[in-house]
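Asker: Residue numbers (the working numbering), protein chains in the order written: chain A, 1 to 392; chain B, 1001 to 1456; chain C, 2001 to 2380.
By construction, these hints were calculated from the structure, which means they are not laboratory data. These numbers were taken from a predicted model, which means no experiment stands behind them. Just so you know, not all the hints are guaranteed correct.
[Said to hold, decoys possible] Using 16 Å as the maximum straight-line C-alpha spacing, the simulated EDC-like pairs for lysine to aspartate or glutamate come out as follows:
| hint | chain 1 | residue 1 | chain 2 | residue 2 |
| --- | --- | --- | --- | --- |
| 1 | C | LYS2034 | C | ASP2145 |
| 2 | B | LYS1105 | B | GLU1296 |
| 3 | A | LYS118 | B | GLU1219 |
| 4 | C | LYS2140 | B | GLU1287 |
| 5 | B | LYS1105 | B | ASP1293 |
| 6 | A | LYS161 | B | GLU1296 |
| 7 | B | LYS1191 | C | GLU2357 |
| 8 | C | LYS2048 | B | GLU1219 |
| 9 | C | LYS2141 | B | GLU1024 |
| 10 | C | LYS2173 | C | GLU2154 |
| 11 | C | LYS2056 | B | GLU1024 |
| 12 | B | LYS1195 | B | GLU1009 |
| 13 | A | LYS161 | A | GLU41 |
| 14 | B | LYS1191 | C | GLU2274 |
| 15 | C | LYS2326 | C | GLU2357 |
| 16 | C | LYS2034 | C | ASP2155 |
| 17 | C | LYS2140 | B | GLU1024 |
| 18 | A | LYS10 | A | GLU374 |
| 19 | B | LYS1297 | B | GLU1031 |
| 20 | A | LYS288 | A | GLU344 |
| 21 | C | LYS2034 | C | ASP2159 |
| 22 | A | LYS370 | A | GLU12 |
| 23 | C | LYS2329 | C | GLU2274 |
| 24 | C | LYS2141 | B | GLU1021 |
| 25 | A | LYS10 | A | ASP240 |
| 26 | C | LYS2029 | C | GLU2137 |
| 27 | B | LYS1297 | B | GLU1287 |
| 28 | B | LYS1431 | B | ASP1005 |
| 29 | B | LYS1191 | B | GLU1021 |
| 30 | A | LYS11 | A | GLU229 |
| 31 | C | LYS2048 | A | GLU344 |
| 32 | B | LYS1191 | B | GLU1009 |
| 33 | C | LYS2141 | C | GLU2174 |
| 34 | B | LYS1016 | C | ASP2155 |
| 35 | B | LYS1105 | B | GLU1326 |
| 36 | C | LYS2288 | C | GLU2193 |
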Amino acid sequence: MSSSSVEYHKKELPKKFQTIGLVLLLAGLVIVILGYIVNPERSAQNNIIGFSFLVSIAVGSLFFVAIEYLSGAVWSTPFRRVSEFLSSIIVILPLLAIPLLLNINSVFHWTHPEPTDKILVGKAPYLNVQFFIFRVIFFWLIWLVFYYFITKNSRRQDHSKDQFITTANVKLSAIFMPLFALTITFTAIDWLMSLAPHWFSTIFGVYYFSGTVLAALALSTIFIVALNERNYLVEGITSDSYYSLGALLFAFTNFWAYIAFSQFLLIWYANLPEETIWFLDRWNGSWKFFSIGLMIFHFLIPYIGLLSQPSKSNPKRLIFMAGVVLFAHYYDLFWLVMPNFYKEGIVFGWIELGFPIFISGLIISVFVFKTNRENLVPIGDPKLKRGIDFSL
Amino acid sequence: MSMIDYTRELSVLEGKPSLRELDELISKPLETKPNKKFYIALSITLSMMGLLVIGLGLTFYYGIGMWGNNVPVGWAFDIVNFVFWVGIGHAGTLISAILFLFRQKWRTGIARFAEGMTIFAVMTAGLFPLIHVGRPWLAGYLFPYPNQHSLWVNFTSPLLWDVFAVSTYFTVSLIFWYVGLIPDFATLREKTNHKFKKIIYSVFSLGWRFSNRHWQNYEMVYLILAGFATPLVLSVHTIVSFDFAVSIIPGWHTTIFPPYFVAGAVFSGFAMVQNVLIIIRKIFNYEHIITLDTLEKMNKVILLTGSMVGYGYAMEFFIAWYSGVEAESFTFLNRALGPYAWAYWIMITCNVVSPQLFWFKKIRRAIPVMFIIAVFINVGMWFERFVIIVTSLSRDFLPSSWAYYKPTLVDGMILIGSFGFFFTWILLFTKALPVVSMAEVKAVADGAQPSHKEHS
Amino acid sequence: MMSEKILYSYTGIFDTPNAVIHAAEQVSKEGFTKYDVNTPYPLHGMDKAMKLPPSKLGYVALVFGLAGTLGALLSLWWVSAIDYPIVIGGKPLFSFPAYIPVMFEVTVLSASIATVLAMLFIFFKFPNNSHPLHGTEYMKKVSSDKYGISIQAEDPKFDESLVRKLFESVHAKEINPLYWDNDEINHKNKIFEPKFLVFLLVIGIITSCTAYFTLNKLMFMLPFNWMMEQPKQNAQQRSLVFNDGFGMRQPVTGTVARGYLPYVFKGQPDLAGEKLVNPVPISKESLKLGQTKFDIYCSPCHGYHAEGDSRLRGQYPNPPSLHSEKVRKWSDGRIFAVLTDGQNVMPSYSSQLTLDERWAVINYVRALQRALNAKESDLQ
């Protein structure tokens, strides 16, 4: 245990990040509030995108923390704090859920089904407002509890350097895994699939999961590479660790494409009207180009960009591709949500800009806030030394 | 509970064996004459294979009518067995390719064996579509080639995708396996004094001389093959699932089929690898190479994939209700409560409930218990395919055509015979080739790699 | 040549991976190029120590993978949309999503095979199988648990004492010269070696003979021909089931098959002209059908416009024009009688044209007649 003598000097992030974060946060907030005043319905629709995106980032990051403990991976240990910081967004998730729940009638058709609509009436035991709100709160509490205990343990280890804490977190992560799978699935069904309440697809939870993981990984990658290049983390991390990040990003890009293609092919092939209508909505008018764009941004660009071995460990390329992937996830959510409401074609205006700005401000602010209070590296983690020495 | 030291990497091999000891241990079965036990085992598997020969003979002589298949259940044991055996193969590629990409060192002890199992399982699986077409000697027509009839195959059919997927899978697995064997052949070539063996090993080692200039390209090829085998293995069971899911039969047409079939395949494959490895490590004294830690890690994978399969069942059931499609919800209720409820509950008990025992560390490390659970899983996964195929077909859209499928004696003979076929290959493999990769195991032994501090 | 042993290389054996990596660094620093490090398994960091450029086999995989994807896409497109266009399951002829699985498999197959073959042919010098190092004590050791460096005598910098000193300076455990026989020296790439070519030829002959035998002989033997040799009644075959011995049966007496109304005016064309009424109304479809059939069966003699301008260049007597007063005044039934019974040298067309087709041809002939003898009123 004496080997955990890693040199780490905590550095504060430059003040300008805090300023940028605050400016974006406030600007976004102003646009969002204006949007809610001018067009509450459309703002609520955008709100769903924003909310699901933040869930992706927050819960996805917690998933990565848990996966590291479970798999016993060492290469990611020096980076784990980045994911931990991002997962702290879980705490402020209600901030984006509350305006939605107030406008629940304007986005969810199932809240007021016509009595003649037998299918929606049949779904009422699951799709009703009370149970929906209960689920939202219940899932949030699950995430919150695991976030609280896992990161608290991790922080405690900074001082105590106690190995039992790692064991405790491994156990917590093991319990978290099945709960994560279920909560993410039903979050996807509730917030995204039920926007088209007649439509159904058993793979939908997995589809959202693949996007979630990809978005969380991409954002972490951006922070990790940017911070490490400016020496905010520990000394001695080699490009092999970058390679692992790039390879994971590449793998999950393929996984997303695999899931998306499976869902599409099966529905396209069987050609049942109650299923194809969902894809037809996304192939109607200008949405067609939007759908093609999804394949390009979410698959083709990252796939080609990360295919070769050296590109996976090139920091600039890695940040760029992670940025593309992150953008693609927002794009993907836009593609999932908006065609349900605007069947004729793409809608895009200043209202659509509010949430992306607000969210980027929020993420930067939260990250700066956490960085200024805590160590950017889990200095007490017994795996840290091995993580720094990691080579392929 | 004992304290785990996270600061040091756990050794993959136990007892710090020297490199030469590893060589001796692994090549021992090849250098000794097979003993009585081997012949007893071989005679058992060969007699099981005899059943296969009889079953197939009857089938070819009298026709497919010898099976229980009939309207409306046109796919039954033949396709159940096909999917089952292809699934068994998936664990091998997962261990050799995916875990290789994840740099999981514990795979080295079991990779060669699991790859071998992949090849034999795919061979066994390949039998079934061939016999199901009725005239296997005309199977050449399945491949698109410019023939004298000016006919082309139907490229939009998932059954044709299967032809491509399974044959590609077999070829690539075989190449992968052989590439892994080259250094071991060379080691054996240098080791043996037997003239005939020396010639064989020389031919198969392709002039290998352990040169680092070769190792460099060799490792690259291995990485590329692993990179290709990983999506390939996903694609194979995905395409097998397409066989069902592109149709509109309730219980077959559901979008979660691809990932859920893949998870199920890995699940059953790991169980089969577990079963066979437990016996192999005992007989050949490989306890230090295939360690208890390795078995425990495999049990964790079994728990993970088993839970994924459970998730798939749950999702199907939930969406069947949620969809509001009458036929869909009926099918799932029919599975659980209809005439095949017995098969359904065998499947649930074996696949969903039994692997959950692996949450407990004690059970994960108890060899007899894990052996029994692995057998359960194999039974359960066979029944999963039975439930999917037979229950959906036996009660389709037209109640007037409903029927209860019963297998015949010939069906049973072919099923048992397929196990005989598979295990015969396994037995011959253990005596003909090193079942553990010598080069790979040596590379992960303690002190086998240069230490970091001295150069850098 | 004498069978004198010639120095091939100097070898040094090392006990630990660290030692051999250090030694390899020194050897490459000294400027040797024709040397090799032999280890029982790949050592991390050895490529760096030997200053080897990264392997280029990835490009082979990329090129052949892409070729596989595009090749598959092109051939699928050509097969399903051009050469053998059949609509299946209501899908478009070129249904791209359905081709992705096959394209993927072909990509993987071609890339994997090409990469491995590239390794075998370029680096292993397949089918070259022998090497001076084979069968030596040195190889025996490095194939199991020792690490070795072998510096070849071919190297321009090679000098016995210098190499020995170098090995000593890096603490090699054993230093040995390695010799090779004369007959081993001349080993170039043996791909054009007669033995290997003959081997390939034999394989080729065996494969083609087997293929020929399987496809042309075996498939016609018992039991493989059972699909052809079925216990069923073929046309024109003698039957043992019926008393009259005919395999093919007559229709039941007094029945009329659909579309085959019997013609009762045989030899009485005028009566037919009186009694028969054209049941096929004039429509675009019937005229189109009539035109097709007319162009096929009638136009060779009557000409495309029924003017009697035969295309047979006098090899057959020219028929009269159908625009004559006589034919224009004939009723449809009268023409029908000609088509059905024949007239003069014109034979019956009843076996070529069904009833409806005959009426359609008549409709078309009427249209031709009217076109050549248009009235004022037709202009409106």
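Asker: So, for every hint listed, does it hold in this structure?
Answerer: Here is what the structure says about each hint:
1. C:LYS2034 - C:ASP2145: 24 Å, violated
2. B:LYS1105 - B:GLU1296: 14 Å, holds
3. A:LYS118 - B:GLU1219: Not satisfied, since the Cα-Cα distance of roughly 61 Å exceeds 16 Å.
4. C:LYS2140 - B:GLU1287: Outside the cut-off at roughly 27 Å; violated.
5. B:LYS1105 - B:ASP1293: Measuring from Cα to Cα gives roughly 12 Å; hence the hint holds.
6. A:LYS161 - B:GLU1296: 27 Å, violated
7. B:LYS1191 - C:GLU2357: Distance ~86 Å between LYS1191 (chain B) and GLU2357 (chain C) Cα, so the pair is violated.
8. C:LYS2048 - B:GLU1219: Distance of about 14 Å is within 16 Å: holds.
9. C:LYS2141 - B:GLU1024: 13 Å, holds
10. C:LYS2173 - C:GLU2154: 24 Å, violated
11. C:LYS2056 - B:GLU1024: 35 Å, violated
12. B:LYS1195 - B:GLU1009: Violated, at about 43 Å.
13. A:LYS161 - A:GLU41: Cα-Cα ~51 Å, so violated.
14. B:LYS1191 - C:GLU2274: 106 Å, violated
15. C:LYS2326 - C:GLU2357: 23 Å, violated
16. C:LYS2034 - C:ASP2155: Measuring from Cα to Cα gives roughly 5 Å; hence the hint holds.
17. C:LYS2140 - B:GLU1024: 13 Å, holds
18. A:LYS10 - A:GLU374: 9 Å, holds
19. B:LYS1297 - B:GLU1031: Outside the cut-off at roughly 31 Å; violated.
20. A:LYS288 - A:GLU344: 11 Å, holds
21. C:LYS2034 - C:ASP2159: With a Cα-Cα distance of about 13 Å, the restraint between LYS2034 (chain C) and ASP2159 (chain C) holds, given a limit of 16 Å.
22. A:LYS370 - A:GLU12: 11 Å, holds
23. C:LYS2329 - C:GLU2274: 12 Å, holds
24. C:LYS2141 - B:GLU1021: OK: LYS2141 (chain C) and GLU1021 (chain B) at ~13 Å, within 16 Å.
25. A:LYS10 - A:ASP240: 24 Å, violated
26. C:LYS2029 - C:GLU2137: Violated: LYS2029 (chain C) and GLU2137 (chain C) sit about 27 Å apart, past 16 Å.
27. B:LYS1297 - B:GLU1287: Judged against 16 Å, a Cα distance of about 15 Å means the pair holds.
28. B:LYS1431 - B:ASP1005: 39 Å, violated
29. B:LYS1191 - B:GLU1021: This hinted pair holds, its Cα atoms lying about 13 Å apart.
30. A:LYS11 - A:GLU229: Distance ~14 Å between LYS11 (chain A) and GLU229 (chain A) Cα, so the pair holds.
31. C:LYS2048 - A:GLU344: Between LYS2048 (chain C) and GLU344 (chain A) the Cα gap is close to 59 Å, so the pair fails against 16 Å, i.e. violated.
32. B:LYS1191 - B:GLU1009: 32 Å, violated
33. C:LYS2141 - C:GLU2174: 11 Å, holds
34. B:LYS1016 - C:ASP2155: Violated, at about 40 Å.
35. B:LYS1105 - B:GLU1326: Measuring from Cα to Cα gives roughly 50 Å; hence the hint is violated.
36. C:LYS2288 - C:GLU2193: 70 Å, violated
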